[in-house]
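Top line first, the protein sequences correspond to chains A and B. The numbers in numbering that gives the first Met the number 0 rise by one with no breaks, and the one at position 57 of the first sequence is 56. The numbers in numbering that gives the first Met the number 0 rise by one with no breaks, and the one at position 168 of the second sequence is 167.
It is possible that some hints are incorrect.
Any copy will do: because identical chains look the same in the list, a pair fits if it lies in one copy or spans two.
Said to hold, decoys possible - Straight-line Cα separation of at most 25 Å, SDA-like style, residue types lysine to any residue; simulated pairs:
1) Lys317 with Gln172
2) Lys192 with Phe293
3) Lys25 with Val92
4) Lys125 with Thr258
5) Lys476 with Ser217
6) Lys309 with Ser48
7) Lys309 with Gln467
8) Lys39 with Asn388
Since the hints were derived computationally from the structure, they do not count as laboratory data. Since we're looking at a predicted model, the values are computed, not measured.
There are 2 protein chains.
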Amino acid sequence: MPSANASRKSQEKPREIMDAVEDYAKERYGVSSMIQSQEKPDRVLVRVSDLTVQKADEVVWVRARVHTSRAKGKQCFLVLRQQQFNVQALVAVGDHASKQMVKFAANINKESIVDVEGVVRKVNQKIGSCTQQDVELHVQKIYVISSAEPRLPLQLDDAVRPEVEGEETSTSQAVFRLQSGICHLFRENLINKGFVEIQTPKIISAASEGGANVFTVSYFKNNAYLAQSPQLYKQMCICADFEKVFCIGPVFRAEDSNTHRHLTEFVGMDIEMAFNYHYHEVVEEIADTLVQIFKGLQERFQTEIQMVNKQFPCETFKFLEPTLRIEYCEALAMLREAGIEMGDEEDLSTPNEKLLGRLVKEKYDTDFYILDKYPLAVRPFYTMPDPRNPKQSNSYDMFMRGEEILSGAQRIHDPQLLTERALHHGIDLEKIKAYIDSFRFGAPPHAGGGIGLERVTMLFLGLHNVRQTSMFPRDPKRLTP
Amino acid sequence: MPSANASRKSQEKPREIMDAVEDYAKERYGVSSMIQSQEKPDRVLVRVSDLTVQKADEVVWVRARVHTSRAKGKQCFLVLRQQQFNVQALVAVGDHASKQMVKFAANINKESIVDVEGVVRKVNQKIGSCTQQDVELHVQKIYVISSAEPRLPLQLDDAVRPEVEGEETSTSQAVFRLQSGICHLFRENLINKGFVEIQTPKIISAASEGGANVFTVSYFKNNAYLAQSPQLYKQMCICADFEKVFCIGPVFRAEDSNTHRHLTEFVGMDIEMAFNYHYHEVVEEIADTLVQIFKGLQERFQTEIQMVNKQFPCETFKFLEPTLRIEYCEALAMLREAGIEMGDEEDLSTPNEKLLGRLVKEKYDTDFYILDKYPLAVRPFYTMPDPRNPKQSNSYDMFMRGEEILSGAQRIHDPQLLTERALHHGIDLEKIKAYIDSFRFGAPPHAGGGIGLERVTMLFLGLHNVRQTSMFPRDPKRLTP
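Hey, can you work out the whole structure from these sequences and the hints?
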């Protein structure tokens, strides 16, 4: 590693300058040979976020990206970035650095990864443009570890959006670290509650729920399909006495929807749970899990939330304990009072969902609530009817900032009623025989729901497009990278 | 709930008997009306596993499946099962139960789910056939919550495999609870180490690595493919400075392999990590993660391990700390000493892997080891060559009980070398342009690997077929349920 090799391509000709004059610093900089695990040096690399006044006057090694560089006579100022943290570094002609070395540093392409040895120096005036505001690094050695190809000319790039660019990197890091946290909190909470994580197959032999919006796969000499939800499998686990199960995995929808909140492949966080006497036992468990996620995010991910807010300002996400639950008929009354005309058995349109969200926020001061008792007519055939009101069902959606993030219900666990409801919906019984048969050997009453991970991330952070919360979004027009 | 409705189908005519004689217990049994969440009774259901002498003489409610039933004059003995736990229950003619009630209980189909009220009674002689050996339940009320359809005639079923059947249920519960534990320990460990969980797309636009063994999906008007591994996406996250990432998700292989250890869809636990100077930094992190999983399973899942061992006896899984790492050349020497003829650059066959596992176990007394420095010729094009020996590579597999559970390597992070290696392998550069381009803007040295969840479960428990550790296995001939 210390043996630098300044002869590799893509750096702009430091060599010819170095050849012209004797260079007293020539061992102190260059392009490192490719790291192929030749050696195991015991050099310790310090994190940029650890460069504070506590380390003043220490000599440290740092590996970071060159975020910006600015040469100024006998000096070159670099901003070195490591994820969302950055620090100013100074290469100045003197005992450690030669003119050639300063020139070399100034010519390193932005985004290249460098190993830098430097002295941590306290600064008199805070460096406002860096996260490490109280110190800078006085560079003694600098080696390029991985060279980035040049992008746009610096001047243009700087002129267009000098600050936003850095912010985008940080925002993106923050969004996906927070999303990782959502998954972690979801599971941590459910495992503590005695849930078992299951793995459900994504390639299935028959399209569930009649076959609309399903992707077809060539499976050896036959066709198969991509699962639109793990629901059948979650329910089979309940029938096999797992009692409380969850899974996190991809869900596929061949819908040609090009909206801010639809993806053809998204991550489903699914729950299914046997209950004793009332599906509200499950509703409360799910709502509590979401509340624990919100709390956990606000406790453990404040840095990330603030970083995203810096680029996309947004009010803090509000929720109540216990979670607000309103019935569909109350929602209808609120919407009608606000001038919306809707039938009793009509589903909510997206604009009406959003309006309802605003009305609920005004009235109850919460961004999170449960809408219970949907009309039976607008729910899937396997939804348990409400025994007290044949037009209602034991089903619910949950909303964040006025947008649906979960849909769920008590499922029909009686094969005879399930058959009746399927016939009522005009579903071919042959196609769902295996599903119905899975309830013939005794099934406990159960309910569940599926949560869209990208939507939870988007709405918690107050973002406006689900593509901002999917690293590699898939929609009808986008399949790469 | 208390209002039982004894008139529903599929129970064998208790009614006609009850009509014939005045039945003083008629409110104490029957088929419950379907639970549609009509009521929220405050009845507490006790877990079967909590029925111990501490509860002696208490009246409790239990919901469980009827595992077996045996009528004997004025008595009926039921075994009530809840997951892997069971307890004996007695319905005997007396103050609480009538003749009709005993007959009703005796006629409940096996596997039906019942709510039972009973007094916990200490027994004088241990009940060897139940997990709750010190108590039995004296039934006062019994209602069928969900009726199972009758299966084979009881006699035949009993004759064929009375004990194994119960064991299978327990084994299956135990296997999948332990598998849930593997995922949990994997993530817990990595999150503590600062890893970020990522979600990678499963539908991809181009088949990676040349397109063999890939499933094709109809994607609107075009074709797409199912990802054979999340590797490209893990690496892109490393290039985006996430430093340490992991994911757990389905992996698809369109291989027509019908073996004990191949599935067409399995669960991959994937890791990718930037390192400082040597890929062994990553190897050690992965091996430590696996060791923490083994330890966690042996500490937290002893009950499950013993349950599986009861049906499938197996030696305790052994491992060393730090993990044994041997180089490929040493493995070759061991195999040659055992009489195997192999060339220096030849890959290990499955029988040779297993033999090597036995030799390593004899010599080092471990079921888990790392085989390092595979011949470059047998690894994919993106594998980093060993700078000291051009025939070797910075790549490794990990083995449990002589079978491969992880394959990994330092990846080439330099676009020029990557191009050279792809050409050497005869790969069409156009097809992997996006992959190569992702390294053009600076990439830290990195390494990783993918672990097969079902294999880890199988080999830790000493099972012999990966289909025992996949709830819904997929192979070339099996797509259902």
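Which hint numbers does the structure go against, in order from smallest to largest?
4
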